[in-house]
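Undergrad: Sequence:
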Amino acid sequence: MTVITHNRRRSRLSTLIDQPGGVSVGTALKQARANLAEYETRSREVIEEQVSALAGMKPPPSPDEASAALDQAYARASAVIDAAGPFEMKDVCTAAANLCDLIDAAPQDQSFDWRIVTVHAQALRLLLTLPAEAGDARAQVLESLKDVLKAKAPGGAKD
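In the working numbering, each residue carries its 1-based index in the sequence shown increased by 19.
Incorrect hints may have been included.
[Said to hold, decoys possible] Derived Cβ-Cβ restraints for the label pairs, each shown as a range:
#, residue 1, residue 2, range
1, D128, A170, 43 to 49 Å
2, V44, A124, 20 to 26 Å
3, G154, S81, 20 to 26 Å
4, R27, P105, 26 to 32 Å
5, D101, A170, 26 to 32 Å
6, E64, L145, 14 to 20 Å
It is worth saying that the hints were derived from the structure and are not from the lab.
Quick caveat, the model's predicted, so the values are computed rather than measured.
Heads up, the beta-carbon is just placed ideally off N, CA and C, and yes, glycines get one too.
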């Protein structure tokens with residue numbers, strides 16, 4: 020018979036909230052948002068660096084180097100997701116995830132269409148420059164990227 024022991028651990032935040040005279044939930048959330056805001060500028064820099072690197076990628080000169088190049092493109096798109104996620108940049112995350120999905124779906128026995136990386140880099144740049152109020156334009160960019168996914172993913176054109 021297997022015995023599972025569960026040790027209850029309390030977070031520092033729950034301890035502060037539960038103490039008499041402790042921090043209110045509202046105050047704790049406000050402090051957390053302020054702490055997170057300090058990192059937003061650096062996050063945007065990381066996103067810009069990764070998008071620029073994606074835009075600068077060229078098709079590998081030989082099929083032997085294709086796998087490493089795809090891994091690099093995937094890592095860059097993943098880094099965009101990691102940097103954008105905490106800051107409610109859902110459309111940027113969606114566009115980068117779309118690129119990751121296309122790389123994941125790329126058949127090993129066929130060459131990869133590198134225009135996909137270029138198109139996604141351009142779309143990411145556009146999403147980064149559009150004002151937050153441009154919801155319709157952002158949605159249209161994401162819809163176009165979904166069309167690319169449907170057209171380029173194996174079996175996607177059937178959907």
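Undergrad: With reference to the structure, classify each hint as holding or not holding.
TA: Results for each hint:
no. : hint                       : in the structure
1   : D128 with A170: 43 to 49 Å : violated, 19 Å
2   : V44 with A124: 20 to 26 Å  : violated, 43 Å
3   : G154 with S81: 20 to 26 Å  : violated, 43 Å
4   : R27 with P105: 26 to 32 Å  : holds, 27 Å
5   : D101 with A170: 26 to 32 Å : holds, 27 Å
6   : E64 with L145: 14 to 20 Å  : holds, 18 Å
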